[in-house]
Amino acid sequence: MATHSHAEGGASVFDHRHDYFDIGHPGDVGAEQRQGQVAFRLFGTLLGGALVANAYLCDWLLPGSGAVGDLSAALGALLLAAPLLWHAARDLTAGELRMDELAALGILAALSLGQYRTAGIVAFLLLMSMLIQQRSALGARAAIEQLLRLTPATAQLIEADGTERTVQATELRPGQRIRIRPGDNIAADGIIRSGQTTINEATVTGESVPADKAEGDQVFAGTSNLTGVVEVEVTRTGADTTLGHVRKLITDAERTRIPLMRIIDQHSQWYTPTMLMIVALIFFFTRDPNRAISALVLVCPCAFILATPTAMVAGLSAAARLGILIKNVQDLETAGRVNAVVFDKTGTLTTGDLAVTRLQPAAGVAPEELLRVAASVEHSSNHPVAKAVVAVAREARLALAQVQGFEEVAGRGVRGRLDGAEVLVGRATWLAERGIDLASLSTPELRPPDNLSTLYVARAGQAIGWIGLEDTPRPEAVHAVRELRSLGIARILILTGDRPAVAEKIATELGCTDFQAECLPQAKLKAVRGLRDSGYFVAVVGDGVNDAPALAAGDVSVAMGAAGSDVAINSANIALMSNDLRRLPFLLRLSAKTRTLVLQNLVFGLIFMIGGLAFAGFGWMTPIIAALLHNVSSFIVIFNSARLVRMGEELAPHEAHPH
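Just so we're aligned, residue 0 is where the sequence shown starts under numbering that gives the first Met the number 0, counting upward by one.
The hints are simulated quantities; they were obtained by calculation from the structure and are not laboratory data.
Nothing false has been slipped in among the hints.
20 Å max Cα-Cα, derived EDC-like pairs, lysine to aspartate or glutamate:
no.	residue 1	residue 2
1	Lys386	Glu368
2	Lys504	Asp449
3	Lys326	Asp239
4	Lys386	Asp216
5	Lys592	Glu482
6	Lys504	Glu475
7	Lys504	Glu517
8	Lys326	Asp554
9	Lys525	Asp554
10	Lys386	Asp352
11	Lys525	Asp513
12	Lys504	Asp352
13	Lys386	Glu406
14	Lys386	Glu407
15	Lys592	Glu649
16	Lys386	Glu214
17	Lys592	Glu648
18	Lys504	Glu469
None of these values were measured; they are calculated from a predicted model.
Working from the sequences, and respecting the hints, build out all of it.
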């Protein structure tokens, strides 16, 4: 005979108690009817409870009519016990034995002894407990189902002639254009091709502050357009959108189990026979059926079974609210064991966008002239360095000139004719190859520091200066590193392919002296393996694009900025939908708190079962009190776990900034 626990393979952690109360999974065909089914069962439970209560009322108001009270109690007890007994019989017929059959056996024993009032009250309390727990599960799943409802059913499709027509969101295809007006939810992932607006992306990134969007920016399905009218070119629809990936990851994580849950499964086959033997011994030595019934009700280990899944689901909910997607619930448990963190620099600790931080003109050249000449030529290039130079020129309100004969030499620089003179902007080695003498810029006071990326500018064969650029740290990176140290992280290592001087500068700004520069992917992989071989439990944090080998080698891998990036979402155990590094120390604190609550719940459940058996064995507890305590124990575990849901509220302020 096979014996099963509540956390069966492939089932949701909410799939607790009998199939009679099964509410299905998000996305089931009949999921929307489950609320009505629970309401119907609640009506039946309340009706049975009313019949049992009527029996006591008859005993009080009509002392001489015991038969009427007994009949009312019997009808109520049978109505309440029927679903439990039917389910137990079905399990036994199928060759299965579940833990909840212990409670059903206790109710059957009370019925066989004619204790209809006792059987009715015990069944009523157990059924109410089940319904309340299932109603809580419906509420939690409703949050996941709401992710689907965030995507509107229709969209305004722009035809080739510029006219609009309303279509179903499911009919959208990549390449089509849709118009999004203020107040609309976006129907598909896409790129803004016309207009600018502000969009609330909290459902995807966890950021409560709306994001400003302009032409060329990416938008996500399910987010809300707040201000302007934009035209969006569709890139992904339906389950392929970022919101679709989010929903799938949350649902998949809910179905996974940590090692402790699997251990409970493996040993559950011994639990029910052992408890039946203990109850039989209590009855054998006491000959008191009430003690045996009380013991049967108490040893149904609801508190023990709920201990782990309720805490894990609460932790997953808190993480998802802040845009932290955890693919496997085991990763939520293990993240709290991290004592070493490896950061990729570019795109993780830094913005990944170069910014002009210094202008050094040659003698007799004004800084604004140096910038105007360089930006005029770079304006025709799409290289990130060129965009940084043009951006600072526009901020300075410089008028850029028209360039003739523009040419871009890959990996070297750009050139063109400006006001009749040839202008070169690029690497020092390239300008030297073109016969430009850079000696005037090599004096100690003019030579660029090693920690800057440098563009040299020459006009009419003469060097007129250089422009220094650097990748700036993220504003929250210093706070994140400081908080990681306060959490007891022993090693914080920065890996980068940049020069040592650049790496040292970033590390110094972040208060971190442990770094390795000029690292190829193989070197990053070797560094991570070296930490693990030294006994560290390593978390690797990268942008998920060029850090895949190192991410795969870590005990826990975290991809930054995963919103809209399939590569980032798929390359790590955990995906941060935004680039806010403060989410990382929060994740470690959440993991540690989750493990603490799981331990608290398990200890409480174990003490409750042992104490309950002792009290029942000594006759200090009636079956009705046993049923009440059984419910109280389940609620204590649920409410204890629910404390996790509000963690991290300081990272997600409720009030958005005014516009």
